[in-house]
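A.B. asks: The residues making up each chain are set out below.
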Amino acid sequence: MEHHSHIYGVMGEFGTPEQLIHAARKVRESGYRHVDAYAPFPVEGLSEALRLHRSWVPLITLLGGLAGGLGGFGLQYWAAAITYPLNIGGRPLNSWPAFIPVTFELTILGASLSAVLGMLALNRLPQPHHPVFNVPRFTHASTDRFFICIQARDKKFHLAETARFLQGLDAHHVSEVSDD
Amino acid sequence: MSAGQPPLDSPEIRRLTPVLGPGHSFASVTDKISSIVLTRPTSLGWFVGFGIAFSLMGLMTIAIGWLIIKGTGIWGINIPIGWGFAIVNFVWWIGIGHAGTLISAILFLLNQKWRTSINRFAEAMTLFAVACAGIFPLIHTGRPWMAFYMFPYPSTMGLWPQFRSPLIWDVFAVSTYGTVSLLFWFVGLIPDLATLRDRSKTKAKQIIYGMLAMGWRGSAHHWHNYQSAYLLLAGLATPLVLSVHTVVSFDFAIAIVPGWHTTIFPPYFVAGAIYSGFAMVLTIAIPLRKAYALEDFITMRHLDNMAKVMLATGLIVAYGYFFEFFMSLYSGNKFDVFLVRQRFHGPYAPFYYALILCNILTPQLLWFYKMRHNVVVLFLMSIVVNIGMWLERFVIVVISLTRDFMPSAWGRYTPTFWDWATFIGTIGMFVTLIFLFVRVLPAISIAEMRELVAETSEENK
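So the sequence lines, in the order shown, correspond to chains A and B.
Quick note: the first sequence, position 52, residue 52 per this note's numbering, numbers continuous.
Quick note: the second sequence, position 321, residue 321 per this note's numbering, numbers continuous.
A portion of the hints provided could be inaccurate.
Incomplete in silico selection of chain B near chain A, CB under 7 Å [unchecked claim]:
{"no.": "1", "residue": "P152"}
{"no.": "2", "residue": "T156"}
{"no.": "3", "residue": "D198"}
{"no.": "4", "residue": "L240"}
Ranges between beta-carbon positions, derived for each pair [to be verified]:
{"no.": "5", "chain 1": "B", "residue 1": "L361", "chain 2": "A", "residue 2": "H130", "range": "31 to 41 Å"}
{"no.": "6", "chain 1": "A", "residue 1": "D170", "chain 2": "B", "residue 2": "E455", "range": "18 to 28 Å"}
{"no.": "7", "chain 1": "B", "residue 1": "P287", "chain 2": "A", "residue 2": "H129", "range": "33 to 43 Å"}
{"no.": "8", "chain 1": "B", "residue 1": "E455", "chain 2": "A", "residue 2": "L52", "range": "15 to 25 Å"}
{"no.": "9", "chain 1": "B", "residue 1": "G332", "chain 2": "A", "residue 2": "R91", "range": "48 to 58 Å"}
{"no.": "10", "chain 1": "B", "residue 1": "G142", "chain 2": "A", "residue 2": "R124", "range": "39 to 49 Å"}
{"no.": "11", "chain 1": "A", "residue 1": "R124", "chain 2": "B", "residue 2": "G71", "range": "49 to 59 Å"}
{"no.": "12", "chain 1": "B", "residue 1": "A204", "chain 2": "A", "residue 2": "H130", "range": "44 to 54 Å"}
{"no.": "13", "chain 1": "B", "residue 1": "M157", "chain 2": "A", "residue 2": "G71", "range": "14 to 24 Å"}
{"no.": "14", "chain 1": "B", "residue 1": "E455", "chain 2": "A", "residue 2": "L63", "range": "29 to 39 Å"}
{"no.": "15", "chain 1": "A", "residue 1": "H129", "chain 2": "B", "residue 2": "Q162", "range": "29 to 39 Å"}
{"no.": "16", "chain 1": "B", "residue 1": "K205", "chain 2": "A", "residue 2": "H158", "range": "32 to 42 Å"}
{"no.": "17", "chain 1": "B", "residue 1": "S43", "chain 2": "A", "residue 2": "L117", "range": "17 to 27 Å"}
Calculated directly from the structure, the hints in this document are not laboratory data.
Because the structure is a prediction, the values reported are computed rather than measured.
Each residue gets a CB set at the ideal place from its N, CA and C atoms; glycine is no exception.
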């Protein structure tokens with residue numbers, strides 16, 4: 001193992017989603033851990049090929065929805081029954097059926113906001129710059145090209161050998177990704 | 001049916017009209033859609049259309065300015081008709097928005113491929129329609145600078161909103177709907193903004209699209225979380241969109257006014273909302289595909305499907321009208337019976353007949369394959385349905401309020417110049433926003449089109 005402080009990793013380019021999946025599977029099988037793949041659209045089966053763990057977004061969404069719903073009901077209960085009670089013909093202050101619409105809307109609001117903000121946070125976005133943008137051909141990653149990047153912090157990483165390994169997977173334009 | 005020629009609408013024929021024109025690759029769909037924004041010069045037609053729409057929006061600004069100076073007395077409202085154009089237009093606009101969410105969320109959950117090329121601008125339409133809708137409840141309060149009273153905040157006066165009121169439910173429903181629609185739309189845009197960033201040639205565009213894309217790089221980890229969030233948003237937006245028009249219908253149904261106090265209102269409002277929304281999507285899609293030569297992406301299959309949804313929801317609306325009529329008579333309640341008679345014979349009867357003509361009779365043409373495949377007919381039909389749905393809200397609001405329980409409380413309502421100026425002005429604002437949108441953002445989701453290319457190429461193998 002060698003360490004290159006100015007190298008982020010090695011990147012290989014692929015032409016089709018099938019090649020990308022095939023390569024991703026091989027990269028994982030040969031023991032690389034710090035790997036990421038890049039595609040212009042969500043490629044089916046790529047997460048499985050890279051063995052990504054389950055996304056945390058659903059849990060965050062659930063918690064956000066619960067917070068929104070409980071907070072929404074609590075707000076109405078507190079306003080209508082505790083801090084600003086209005087006695088209208090002796091009707092119950094905690095008239096919960098009338099609180100359902102707002103509770104429902106705030107549940108959806110809390111869940112949606114946390115789904116989006118949670119997704120962005122888990123993806124570490126916004127992040128204006130990232131080393132992969134240093135590769136000139138990477139602009140095609142948002143059009144019609146597919147990339148795999150093996151990072152230098154991986155224990156198995158060796159600049160020349162990893163590059164050769166990617167070439168062996170039929171990657172064209174294997175290039176090193178500089179860190180700055 | 002005799003053997004030989006398959007019927008025109010058979011599955012064999014339909015397969016020949018794909019959701020995506022033949023011969024497209026990842027690069028070609030990207031080029032075609034992003035070039036509309038990045039390289040295509042702005043046409044004279046765009047400037048003319050934008051100019052007209054922007055002038056009408058100016059009219060709206062003047063109308064609202066005058067309203068704020070003079071108060072709601074400049075409108076045609078009076079006692080007993082406290083709800084005039086403002087509520088009619090609010091309900092109309094909010095309803096139009098519903099189709100966008102239906103297309104983007106419900107059709108996504110149902111895995112309908114034909115949604116792909118229409119969801120982006122349908123969602124934009126939702127946002128702009130909600131923006132137009134939001135203006136009316138704000139200005140109809142008469143003192144829009146006090147509108148924050150409707151939000152729960154710890155005021156020094158110790159006041160809280162009345163959470164048992166449908167009008168407060170409306171505030172929460174509409175503001176949640178606006179927020180979630182914006183989130184959904186923006187999340188869908190992120191990968192496309194990254195595409196625009198990477199394809200922009202000028203520094204300014206790179207910076208603007210780059211900031212909006214937030215550093216999206218299409219990594220597998222990104223997509224992994226992204227897909228999860230998108231699916232969840234679709235699942236959350238689906239009950240939301242059904243709830244919004246339900247809550248809007250509560251504004252009427254919770255009141256005891258004849259013609260409003262019925263349980264059929266929530267489902268029939270939701271159906272009407274989707275009906276008018278699909279009409280508006282067609283009104284936008286037909287000129288859009290023509291102007292930017294997008295016939296490969298928005299194919300006849302899309303128009304045909306939208307026409308079918310319009311027909312189906314139109315029939316639900318017709319069913320709603322019938323049951324409104326039937327239940328009033330069946331109930332034996334003399335005020336309800338009287339209201340039905342007023343719809344047919346009262347001073348606003350022409351509006352009711354026009355509504356039946358626009359919303360129930362004319363759309364029956366959509367049963368015919370030839371009509372659904374005639375772009376001009378579809379475009380005219382979409383306008384007719386939009387007018388019909390506006391008339392529906394007019395009939396609901398005005399006839400009930402002018403003829404409630406006591407003859408001494410009856411009245412008449414005539415909109416003034418300022419009513420019309422505000423209404424037409426919001427149409428101007430809507431069209432202005434649509435024009436700006438197609439010029440600066442991809443009107444069709446590029447990332448999803450690439451996904452569609454991948455799927456269809458797999459099918460053809």
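A.B. asks: Confirm or reject each hint.
C.D. replies: Taking the hints in turn, this is what the structure says about them:
1. P152: Hint holds; P152 of chain B Cβ to chain A Cβ min 6 Å, cut 7 Å.
2. T156: With a closest approach of 13 Å, the T156 of chain B hint is violated.
3. D198: Given a least distance of 4 Å, the restraint on D198 of chain B holds.
4. L240: holds, 5 Å
5. B:L361 / A:H130: 31 to 41 Å: Violated, at about 59 Å.
6. A:D170 / B:E455: 18 to 28 Å: holds, 23 Å
7. B:P287 / A:H129: 33 to 43 Å: holds, 40 Å
8. B:E455 / A:L52: 15 to 25 Å: holds, 22 Å
9. B:G332 / A:R91: 48 to 58 Å: violated, 29 Å
10. B:G142 / A:R124: 39 to 49 Å: Taking Cβ atoms as reference, G142 of chain B and R124 of chain A lie about 48 Å apart, which means the hint holds.
11. A:R124 / B:G71: 49 to 59 Å: holds, 52 Å
12. B:A204 / A:H130: 44 to 54 Å: Violated: the Cβ-Cβ distance is about 22 Å, outside 44 to 54 Å.
13. B:M157 / A:G71: 14 to 24 Å: holds, 23 Å
14. B:E455 / A:L63: 29 to 39 Å: Because 33 Å falls inside the window, the suggested range holds.
15. A:H129 / B:Q162: 29 to 39 Å: Violated - the Cβ-Cβ distance for H129 of chain A and Q162 of chain B, about 51 Å, lies outside 29 to 39 Å.
16. B:K205 / A:H158: 32 to 42 Å: About 40 Å separates the Cβ atoms of K205 of chain B and H158 of chain A, which means 32 to 42 Å holds.
17. B:S43 / A:L117: 17 to 27 Å: violated, 39 Å
Violation of the numbered hints given earlier is confined to hints 2, 5, 9, 12, 15 and 17; the remaining hints are satisfied by the structure.
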